[in-house]
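Trainee: Sequence:
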Amino acid sequence: MTNPRYFNSPPIALASAVLATLFLVACNHSQPPTAPTATESKAAATVAPTKDVYVVFEGPWAFAPDPKDANSVIALAPKTKSHRDLIVQTWDKTLASGIYDLSLPARSGPAAGTVDPNILQAKIDPQSVQRVLDTKSERYAIRLPKPEAYVAATHYRGRAGSSYPPDASTEKDYVTSVSLRYSVATLTGFSLAGSPNSGAFNPLLLRVETPTINFSIEPAHDPDPADKCHTHERQAFRDLTKLVNVTLFLDYSDDPNECHGKDPQNARPVKAEIVPGVPGFFVRGYAGGRRQDLLAAIYFFAALRDCRAPIIVSGG
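Numbering follows the numbering used here, in which position 293 of the sequence shown is assigned residue number 333; successive positions increment by one, without gaps.
Treat the hints with care, since some could be wrong.
[Stated by the list, open to error] Here are the computed lysine-lysine pairs in the DSS-like style, where the Cα-Cα straight-line distance is at most 27 Å:
id, residue 1, residue 2
1, K302, K186
2, K133, K176
3, K121, K268
4, K176, K302
5, K121, K108
6, K268, K282
7, K302, K121
8, K302, K268
9, K282, K212
10, K282, K163
11, K163, K186
12, K133, K212
13, K91, K212
14, K163, K176
15, K212, K302
16, K302, K108
17, K282, K302
18, K186, K108
19, K176, K186
20, K108, K212
21, K121, K91
22, K268, K212
23, K108, K163
24, K121, K176
25, K212, K163
26, K282, K186
Rather than coming from a laboratory, the hints here were simulated on the basis of the structure.
Keep in mind the model is a prediction, meaning the values are calculated, not measured.
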């Protein structure tokens, strides 16, 4: 009788295991890849690239937290005879003094509110902001979401401090117009609603073809080439600090010493005359007013006239 033979040797068992593994790998490679689930496909389709939008403020502006909404900020500016009416986005859209709300589309960036180091910062009390909002004074107030950052648009060299005249140590290139940066998913959905001090206001749907929305308050007259004292800037800064109730003064190191005697910031200034009608293109130039980033080209072609007085952002 013949006994059956069993292959129990280790080499034969190992070879069998290797062949089985290779067979399984080959089968797996022959299968088509697993298709993504419906949820995964939908999530990928809804992801859209973000766009940076800059809300630009030019003129005598101060920014402070909204006393009643931690997610909003208020831009405040005095309405005076030394400035034209507030313009929003295009020259044919002017705003009367009042309170307005800027709405943005869905945002994706953090509302960090980072402040450029060359922006003048001062503590603006919430009570002072609320007083400006509650009083129907000659002022503009724009409520808008807290930005990712306050970005410099233009600079001008000067001195600013709580004593008059400000100390030489305070001199630097202060930001004179500012951009509030937001990251949004679309360039549609920007609108402006508001309540002017008198009359009604129809909400504006703002077209954002370039990545900017502009709020501009221009001087009522072009600079007087005979004025060596920056009289307009000193007066505009005085009106702004009075509006938001902060003690700050502005000075320029290149101005003659006699400018202090007729400075509008002084309690008893000598009246300074402003000669209207001088073409600002010939007298302004860019000395002291450096323009930067992608906004430089936009400002150049828009021919905006910078007030050259520092913007104030509440902080510290």
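Trainee: Can you confirm whether the C-alpha distance between K302 and K108 stays at or below 27 Å?
Mentor: Roughly 40 Å separates the two Cα atoms, so the pair is violated.
Trainee: Is the Cα-Cα distance between K268 and K282 27 Å or less?
Mentor: holds (24 Å)
Trainee: With a cut-off of 27 Å on the C-alpha distance, tell me whether K302 and K268 pass.
Mentor: holds (12 Å)
Trainee: For the pair supplied as a hint, K121 and K268, is the alpha-carbon distance within the 27 Å limit?
Mentor: Since the Cα atoms of K121 and K268 sit roughly 21 Å apart, the hinted pair holds (cutoff 27 Å).
Trainee: Checking one constraint from the list: CA of K186 to CA of K108, max 27 Å. Satisfied?
Mentor: holds (13 Å)
Trainee: For the pair we were handed, K212 and K302, check the Cα-Cα distance against 27 Å.
Mentor: Holds. K212 to K302 sits at ~23 Å (cutoff 27 Å).
Trainee: Given the hint that K176 pairs with K186, test it: the Cα-Cα distance must not exceed 27 Å.
Mentor: holds (24 Å)
Trainee: Given the hinted pair K133 and K176, is their alpha-carbon gap at most 27 Å?
Mentor: Roughly 22 Å separates the two Cα atoms, so the pair holds.
Trainee: Please verify whether K212 and K163 have alpha carbons no more than 27 Å apart.
Mentor: holds (20 Å)
Trainee: Does K176 lie within 27 Å of K121 when you go C-alpha to C-alpha?
Mentor: With a Cα-Cα distance of about 17 Å, the restraint between K121 and K176 holds, given a limit of 27 Å.
Trainee: Within a Cα-Cα threshold of 27 Å, do K282 and K212 meet the stated pairing?
Mentor: Holds: K282 and K212 sit about 23 Å apart, inside 27 Å.
Trainee: Do the alpha carbons of K268 and K212 lie within 27 Å of each other, as the hint requires?
Mentor: At roughly 19 Å apart (the allowed maximum being 27 Å), K212 and K268 satisfy the hint.
Consistency with the previously given hints fails for numbers 1, 4, 5, 12, 13, 16, 20, 21, ordered from lowest to highest.
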